[in-house]
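Colleague: Here's the letter readout for the chains.
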Amino acid sequence: MPMWGWVLISCAVAFLTKLVGYLVPAKILKNKRITRIAGTMTIGLLASLTVLNAVATGTQLTLDSRVGALVAAAIALLLRAPFLVVVIVGAVTAGLLRLIGLP
Amino acid sequence: MRLRQSPAAKIGLSIAIATGLYGISFGALGVASGLTFWQTVVLSAFMFTGGSQFAFIGVIGGGGGGAAAFGSAALLGVRNAVYGMQMNALIAPRGWRRFAAAQVTIDESTATAVGQTDPLEQKRGFWVAGVGVFLFWNVCTILGALLGNAIGDPKAWGLDGAAVAAFLGLLWPRLRAREPVAIAVVCALATVLAVPFVPPGVPILVAALVAGLWGWFSHGSADEGLEPDVEPYPGVESANESDKEER
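If you're matching them up, the sequences are chains Y and B in order. Residue numbers for the first sequence follow our numbering, so the first one is 153 and each next one is one higher. Residue numbers for the second sequence follow our numbering, so the first one is 80 and each next one is one higher.
For the record, the hints were derived by calculation from the structure and aren't laboratory data. As the structure is a prediction and not an experimental result, all values here were calculated from the model. Backbone N, C-alpha and C fix where the C-beta goes; we use that ideal spot for every residue, glycine too. There could be a bad hint or two in this list.
[Stated by the list, open to error] List of simulated lysine-lysine pairs, DSS-like, C-alpha gap at most 30 Å: (1) B:Lys-202 - Y:Lys-184; (2) Y:Lys-179 - B:Lys-234; (3) B:Lys-234 - B:Lys-89.
[What the hints assert, rightly or not] A few chain Y residues facing chain B, derived, Cβ under 7 Å: (4) Ala-206; (5) Leu-229; (6) Leu-254.
[What the hints assert, rightly or not] Here are the in silico distance ranges between beta carbons for each label pair: (7) B:Phe-296 - Y:Gly-253: 23 to 33 Å; (8) B:Gly-142 - Y:Lys-179: 35 to 45 Å; (9) Y:Leu-231 - B:Ala-235: 19 to 29 Å.
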């Protein structure tokens, strides 16, 4: 399927997921196990995406400027920086590390 | 009371501006990942849930295929069904409003509504935050995508570092207790171990499976990870945290 197909089907599924909450009986989603899995999966996916974007290049693990960006972002978050600042700190760190010659 | 004097509407608006602004980073990273300008813009308008959107472009940017991008975006959106159920109970939209409410059911609108006690204020908070984020987020996505197209090589500008920071920023507010930290570490490890052995994009689904099994078999707090990733009411937060310690 071309990329446009995946974009559109992902949009449709995202909307339907939200709509499900309004249409199904509350009892079903109040099931403790379902809310638990929705929560643990949110954490697991975000953690996975974080490390993947930091150390993966295709099917290889690499250490480059992105790891520096990860550390800098963590420090910014510890200092309670707002989201946009954290993102900029990540970009500037990776950019500067490349400027001084790191991969 | 007029809308201008409504505390929930004020908070909803400030949340909308703050959250909308980082649509710029989504737009720039979207085109840097290899999507076209219009694909990036369509994701913000129709998918409209930041975590899933970043997941989609994160997989594509990492060399994964459309199917893996779809899978991770869909799974990351599951929490919105739970938010929808909460909002249905609180604001009970009817007719066409139900569809509009569904589209703007995200972390920010849910958090703004849940923080109010008066039903009218809950409604105002939900709609002002939801529609407000929608407007700012989409305008900023367009600006970011134009910016991303203009600056050329994303690596030279550290945009790949920005993506790493964005994901950590989305994860961070959910790590307020020992269990979510443990889940994050285990899923991060599972991802790293899977990378050399499976096609790009699939390691995320491995992590989703691990997290799903964790949720199925363990018995922790029922809303772990479902605290929305924004804090519209910083003053109230400490009370919630002490409440959580006791659970």
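Colleague: Minimum Cβ distance from Leu-254 of chain Y to chain B below 7 Å?
Modeller: violated (11 Å)
Colleague: Are Lys-234 of chain B and Lys-89 of chain B close enough, with their CA atoms no more than 30 Å apart?
Modeller: Violated, at roughly 39 Å.
Colleague: Taking 30 Å as the top limit, are the C-alpha atoms of Lys-179 of chain Y and Lys-234 of chain B close enough?
Modeller: Measuring from Cα to Cα gives roughly 48 Å; hence the hint is violated.
Colleague: Quick check on a hinted range of 23 to 33 Å for Phe-296 of chain B and Gly-253 of chain Y, using CB atoms only.
Modeller: violated (47 Å)
Colleague: Within 30 Å, alpha carbon to alpha carbon, are Lys-202 of chain B and Lys-184 of chain Y?
Modeller: The hint holds at about 26 Å.
Colleague: Starting from the range 35 to 45 Å, see whether the pair Gly-142 of chain B and Lys-179 of chain Y falls in it by beta-carbon distance.
Modeller: holds (42 Å)
Colleague: Quick check on Ala-206 of chain Y please, does its C-beta sit within 7 Å of some C-beta on chain B?
Modeller: holds (5 Å)
Colleague: Could you say whether the range 19 to 29 Å given as a hint is met by the Cβ separation of Leu-231 of chain Y and Ala-235 of chain B?
Modeller: holds (27 Å)
Colleague: Holds or violated: is there a CB of chain B closer than 7 Å to the CB of Leu-229 of chain Y?
Modeller: holds (5 Å)
Violated hints for the displayed structure, listed by number in ascending order: 2, 3, 6, 7.
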